[in-house]
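Protein chains in written order, with our numbering: chain A, 866 to 1126; chain B, 866 to 1126.
Hint data in this document are derived by calculation from the structure and do not stem from the laboratory. You may find that some hints are simply not true.
A pair counts as met if it fits within one copy or between any two copies, since identical chains are not told apart.
[Claimed, not checked] Capping the alpha-carbon separation at 30 Å, the derived lysine-lysine pairs in DSS-like fashion look like this:
(1) Lys1088 / Lys1032
(2) Lys953 / Lys967
(3) Lys1032 / Lys967
(4) Lys1086 / Lys967
(5) Lys1086 / Lys1032
(6) Lys953 / Lys1086
(7) Lys1088 / Lys953
Here's the letter readout for the chains.
Number of protein chains: 2
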Amino acid sequence: MKTGSRIVAAFASAILCAYTGLAQPAGAPAGQQAQTRGGAAQVRSPEITPQGTVTFRLSAPNATSVLVRNTSGGFLDWPGGNETAMTKGDNGVWSATIGPLKPEYYVYVFVVDGVQTLDPQNIFHVRDGQRYGNALRIAGEFSRGYALNEVPHGTVHLVWYPSPALKLTRRLYVYTPPGYETGTARYPVFYLLHGGGGDEDAWTTLGRAPEIMDNLIAQGKAKPMIVVMTNENSNQIAAPSVVAPLPTSGPGNPMQGTAML
Amino acid sequence: MKTGSRIVAAFASAILCAYTGLAQPAGAPAGQQAQTRGGAAQVRSPEITPQGTVTFRLSAPNATSVLVRNTSGGFLDWPGGNETAMTKGDNGVWSATIGPLKPEYYVYVFVVDGVQTLDPQNIFHVRDGQRYGNALRIAGEFSRGYALNEVPHGTVHLVWYPSPALKLTRRLYVYTPPGYETGTARYPVFYLLHGGGGDEDAWTTLGRAPEIMDNLIAQGKAKPMIVVMTNENSNQIAAPSVVAPLPTSGPGNPMQGTAML
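Put together the whole structure using the sequences plus the hints.
What follows is the structure in C-alpha cells.
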C-alpha cells in the first residue's frame, strides 16, 4: 500500500492546505471590495437584480483594458451587444452593467488586456468543447426548466465500457430516473447525442440534461427514462478535459503535452 | 413537452454553434503561434519534455506583466520558486521554462497584469474549493498511481439522498469497483471524507480517488471496495460549483447572486 498511501496522504494534505486560502469576507456590501488575509481584493460578480440586470466586476488595478464578452452563442444575444467595455473605478475595480436579460442561462468571459479570463468571483465554470466560460442564470419561469429544483433527482453514472469496434475502453454517462435503484420497473432508453465539439460530459455539465429530465419527469411532461450520453469522437476515450485525445487528433493538438493518460 | 423541447433545442444549438470556434491549427510546431480563423493566436502550453522540464506560454501582446504561479500546495514546491516571471517574445507570446519537476501532479495559474488567469491552451482545469487552476502531470512511476491507466475501471455515481438531520436533499459520490454491476459480491464500504474547503466532488475530480482505487485494486494493493464521498458542509446540498451554498454561509458570500438552485 506504500505508493497508494503516499498518494492519499499527499492529496489529503493538498485539500487541507487549501483551506486558509478559501476564507471569504463575510458581510462585505455588494460592489465594495474587501481585503482577504492574502491581500487580494474581493468584489461581488456577477450581481444580478430581481429585474435581470447584471453587474460584472473585476479587481484589476494594473490592467489597461477590460471587457465582458457573451459567449452563450448567437441565439442568446445581449441587448446592447455581446461585448461591453468595463470602466475602471478609483479603487481599481472595473465594472459594467448590462440588461435586463431575459430568464436564461448565459455564459461569459472577461478579456483583460487582450487575454481571455474567467471571473474569479464566479465559481460556476462551464466547458463548451475546448473552451471554458462562467455561467450565470437569470431566474424565471423558462430558466426553471434547467435549474436544480426541489423535485426528485435521478442519478448520473460515469461508466467505462469496452468498444470492440474502436478497440478502446471508453466512457459514457447514464442518467437513471428517480426510483430506478429501488424498483424493478423497466424504462425506455433515450440515446442523447452531442453535437460537434461535444463529448460524453457535454449534455450533463453544459447541457444540464439531468436537471431537465428531473423537471420534465416531475411535471409529467416526460416518461421516466434512462438517458445514455456517449462520446461520438472516435479519437477520444473520454472528454478531453479528463484524458488527452489520442494522437490521431493531429500533431498540432495543444493538449498532447499534458496527457493525463 | 413545449418548454422541455425548447430547452433541448436551445442547448443542441449551443453545442453545435460552438463547433466553428473549436478548430485548432493542425501541425503547428511547438512554441510557434498560428492564427485560427477567429484570429486568436494559438501557442502550445504547457510543453513537457520527457525529462520533466515544463515550458508555459501565453499570447498576450498587450500585457505588461505575466507570471506563472504554482498553486499545488507547499508540499509540491517548484525548484527555483513557486512564482516565475514570464518573458515577452517579439511575437507577443510570453514564456517561462521551469524544472525539471519530479513526477507528480501540479496545479498552476497565470497572473496577467495582476489578474489571476487560467492557461487558455490547457483544457485540464481542477477546482480546489472555490479556486480553479490548471493541472499538469509529469509522467513517472509515482504519478502513475493517480493516472488513468489501462486497468479495469470502476463506476462513479452522482447520487442525491435525503438527509433527515439537515432536512435537505443532498448529493454524494459513490465509487463502485470493477465488476460491481455484473456480480453479486458484497464489498466493504470506505467513507472517504474531504478536508476543509472540500465537498463531495473533491476526492473525485481534484483527488483522483477513482483512478487511485482502480490502480490499487488492479495491483492487488487494495481489496475491491465501495467508496462513499460525502459533502461535510452543512450549508451545502452539493458542491458550490453546482449549487450556491445556502444563505447560512453569510451575507458576503460572493456566489449568492449566481445561485443555480
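Status of each hint after checking the structure:
no. : hint              : result
1   : Lys1088 / Lys1032 : between (35 Å within a copy, 28 Å between copies)
2   : Lys953 / Lys967   : within (27 Å within a copy, 42 Å between copies)
3   : Lys1032 / Lys967  : neither (47 Å within a copy, 33 Å between copies)
4   : Lys1086 / Lys967  : within (24 Å within a copy, 55 Å between copies)
5   : Lys1086 / Lys1032 : between (39 Å within a copy, 28 Å between copies)
6   : Lys953 / Lys1086  : neither (48 Å within a copy, 57 Å between copies)
7   : Lys1088 / Lys953  : neither (52 Å within a copy, 58 Å between copies)
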